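2 protein chains.
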Amino acid sequence: MISSATLGLSSHRLPPPPPRSSTSDPNPKSLSEPQARKHKGSPQLNRWSRARSIRSGRKLDRLHQRTTQRLELNPQVQNPKESEKREVTSLTGSDGYDDVEDTFGKAIFMVSDGTGWTAEHSVNASLGQFEHCLVDRGCPVNTHLFSGIDDVERLMEIIKQAAKEGAMVVYTLADPSLAEHAKQVCKLWGIPATDILGPITEAIASHLGVLPSGLPRGAPGRNFPLSEDYFRRIEAIEFTIKQDDGALPQNLHKADIVLAGVSRTGKTPLSIYLAQKGYKVANVPIVKGVKLPKSLFEVDPEKVFGLTINPVVLQTIRRARAKSLGFSEEVRSNYSEMDHVREELEFARRTFAQNPVWPVIEVTGKAIEETAAVILRLYHDRKHKCSMPRISKLY
Amino acid sequence: MISSATLGLSSHRLPPPPPRSSTSDPNPKSLSEPQARKHKGSPQLNRWSRARSIRSGRKLDRLHQRTTQRLELNPQVQNPKESEKREVTSLTGSDGYDDVEDTFGKAIFMVSDGTGWTAEHSVNASLGQFEHCLVDRGCPVNTHLFSGIDDVERLMEIIKQAAKEGAMVVYTLADPSLAEHAKQVCKLWGIPATDILGPITEAIASHLGVLPSGLPRGAPGRNFPLSEDYFRRIEAIEFTIKQDDGALPQNLHKADIVLAGVSRTGKTPLSIYLAQKGYKVANVPIVKGVKLPKSLFEVDPEKVFGLTINPVVLQTIRRARAKSLGFSEEVRSNYSEMDHVREELEFARRTFAQNPVWPVIEVTGKAIEETAAVILRLYHDRKHKCSMPRISKLY
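These protein sequences, in sequence, are chains A and B.
Using full-length UniProt numbering, the letters of the first sequence correspond one by one to residues 1 to 395.
Using full-length UniProt numbering, the letters of the second sequence correspond one by one to residues 1 to 395.
Please keep in mind that the hints were generated in silico from the structure rather than gathered at the bench.
This one's a predicted model, so the numbers in the text were calculated from it and none came from an experiment.
Please note that a few of the clues may not be correct.
Because identical chains share one entry, a pair is satisfied inside a single copy or across any pair of copies.
[Said to hold, decoys possible] Below, computed lysine-lysine pairings styled on DSS-like, alpha-carbon distance capped at 30 Å:
1) Lys294 to Lys187
2) Lys291 to Lys187
3) Lys294 to Lys254
4) Lys187 to Lys288
5) Lys383 to Lys294
6) Lys291 to Lys254
7) Lys385 to Lys323
8) Lys323 to Lys291
9) Lys242 to Lys323
10) Lys254 to Lys288
11) Lys242 to Lys187
12) Lys294 to Lys385
13) Lys242 to Lys183
14) Lys288 to Lys323
15) Lys385 to Lys291
16) Lys254 to Lys277
17) Lys291 to Lys242
18) Lys288 to Lys183
19) Lys277 to Lys323
20) Lys277 to Lys187
21) Lys242 to Lys294
22) Lys288 to Lys242
23) Lys383 to Lys254
24) Lys323 to Lys187
25) Lys254 to Lys183
26) Lys383 to Lys242
27) Lys242 to Lys254
28) Lys277 to Lys294
29) Lys254 to Lys385
Okay, chain A solo, but in the shape it has when bound:
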């Protein structure tokens, strides 16, 4: 197999651009030719096919392999038996990721020689600005993450596939020769491409006066250190899990942040989100008719945050929750009926009013990470009392 090390950019001949296939008009004939020529010997695809064969228990029949491979290259030209086997009952699987490979909507290919999470995060944030036209509004976007792509061969296959699917390419390639390759090939073939980490890494390099290592996460040369920070984060997550939903109120004083709010104000996902960032979080549910733990009023009030929500929205969320948990009619009405919801929120409001140091965060219409941003801004501002509210971190 040809490794990326032996393939310099200049010595690697760039193949002609593959023809784009329109999803509405698949044309197997136009695809089969260049593929047959180009891919027959691709060690990467052979590797992928072989790996799949081994896992699926299929025999490593060379001929069969090659046929499957050629057919698989275009999602539209699938083995009919294979596609029948798939039960395409819904486009999105139970985990929110597509169950089918077929291109649906506009495609964005994300390619990384590391985990690919930065590309995913950035694309996701950017797509937030196109909410007005995504799936519900008739302009769906399908993202495809290819992570751990650390050789030119695989990179080329993916870019070729992007050309065929009419996808744009977004990449985070720490290896400078791979990044340059992606740039040149996409330019040559007219594929819109964006380098996510390149510009910021260059800017940091020039700011620090130090060259970047060029090594992606997980590369042999980049040993992950068992740093204090690493253990602290794990400890924060473990603490937060144990502390969830009012468990162990005697430990509230050990938390960095304490969240108080009625059921379904997002305390648990918010706690976990903050814990991932290294904060020990405890959350205390406010339930009408249930006395709050004494320790809640004994801890430093500067670290307690109240969560509140619009009653109508809360009722909607609770109804969905009660249904999914299969609550009985009686419990369900107690939990999600408007009078009950209003009374419980009023009880929370009074509790918050009696503790004026606790900031009260309105979570209605906020994503977990937005509420987290508000809380951490206040938390650091209170803690550090610096001239300009900021969250500082040392690397």
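Add chain B to chain A, keeping to what the hints say.
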């Protein structure tokens, strides 16, 4: 107060660049003049100071405010009493974030009109390529996150401060006029600046043929939808928490992913990381001498992943853990002594060997997100059996 709406970029006069202060040679005099001139009337700083005064219970004394404000602008020119009050015993606080505002090392300012998490994520990923020169190697970097910056006034204050601290600026500003402002001002003052989301948003806009909304997260025009995806993620987190550390083995069949490994292979943080991405995860601890739950061998083996680790590294981690948990000498030696560690890993190895369909992931030297990337690659590849291993998602 002047809002950003009334301040067009062209009509807004750009102030002269503030002088840079070197951290090693603070020069209060050179700073006081332009600040006194420029900041006296800043409504934003007044707002910040006032907010702090209210919270701290200080009286809203206008004169006092102004003095504090002027002094606070440069971290080096602090009220001596204030700085004495701070116990700067360690540079980094218990939550891993700096306890002090003082600039230490090279500064990176991250400015966002949203949560700022994309900027933080990208800078963090990029800094990964400078591991060879960060804090332990004598070239520390201090990042400062300014989130929710949605008016020109505050943006200008921050860029001014960046100029003073010799910081570089990284921004994710959805509002195009703010982004343009940041670009122009940084250019004018010679501050190195990088727009993180601009290029990718532009590329997506052109790919989709749709204009971006220009609204940051949490902006009034961008209502967060209570989508299926949102509830699914919350459900995944709640499921994963309940399932942690082998609890409720009868629910293993409900999980998307099951992790099995000995203590301290990172099962819990890994489960939580995957849960945040929307996967229901259950983890099963492998303990020498403890029978594994029958359900582990009854669930679809394609969703079970074994975790393994180098015994020496595992021992180091366990020793640290045993110490921090205050285990008794006897328990500690059982838990972290080499013979025990090896035997337990051998027991895990045999279990994995008896279940050849389970992939075994080596976690030694891997960050949680790296292991997560490997697992999700395999998970999606097995589930979808598409021509090229990819993780696809519909927006």
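Measure nothing new, just compare the shortest in-copy and cross-copy C-alpha distances for Lys288 and Lys183 to 30 Å and report within, between, both or neither. Neither: 59 Å inside a chain and 51 Å across chains, both beyond 30 Å.
Is the C-alpha distance from Lys323 to Lys291 at most 30 Å within one copy, between copies, in both cases, or in neither? Intra 27 Å, inter 36 Å, cutoff 30 Å: intra-copy only.
Alpha-carbon proximity context of Lys277 and Lys323, limit 30 Å: between (32 Å within a copy, 23 Å between copies)
Are the CA atoms of Lys385 and Lys291 at most 30 Å apart within a copy, between copies, both, or neither? Answer is neither: 34 Å inside a copy and 53 Å across each miss the 30 Å cutoff.
Between the shortest in-copy and the shortest cross-copy C-alpha distance, which are at most 30 Å for Lys187 and Lys288: within, between, both, or neither? Neither, since 62 Å and 56 Å both go past 30 Å.
State whether the alpha carbon distance between Lys291 and Lys254 is at most 30 Å within one copy, between copies, both, or neither. Cα proximity of Lys291 and Lys254: one copy only (21 Å, versus 34 Å across).
Can you give me the call for Lys254 and Lys288, within, between, both or neither, at a CA distance of at most 30 Å? Answer is within; shortest intra-copy Cα gap is 26 Å, inter-copy 32 Å.
Checking Lys254 and Lys183: alpha-carbon separation at most 30 Å within a copy, between copies, both or neither? For Lys254 and Lys183, neither the intra-copy (50 Å) nor the inter-copy (43 Å) Cα distance is at most 30 Å.
When no copy is specified for Lys242 and Lys323, does a C-alpha distance of 30 Å or less occur within a copy, between copies, both, or neither? both (27 Å within a copy, 19 Å between copies)
I want to check one pair: Lys277 and Lys187. Are their C-alpha atoms no more than 30 Å apart within a copy, between two copies, both, or neither? neither (38 Å within a copy, 33 Å between copies)
With identical chains treated as interchangeable, where does the CA-CA distance between Lys254 and Lys385 reach 30 Å or less: within a copy, between copies, both, or neither? within (22 Å within a copy, 47 Å between copies)
Classify it for me, Lys294 with Lys187: is the Cα-Cα distance of at most 30 Å met within a copy, between copies, both or neither? For Lys294 and Lys187, the Cα distance exceeds 30 Å both inside one copy (65 Å) and across copies (55 Å).
The structure shown violates the earlier hints numbered 1, 2, 4, 7, 11, 13, 15, 18, 20, 24, 25.
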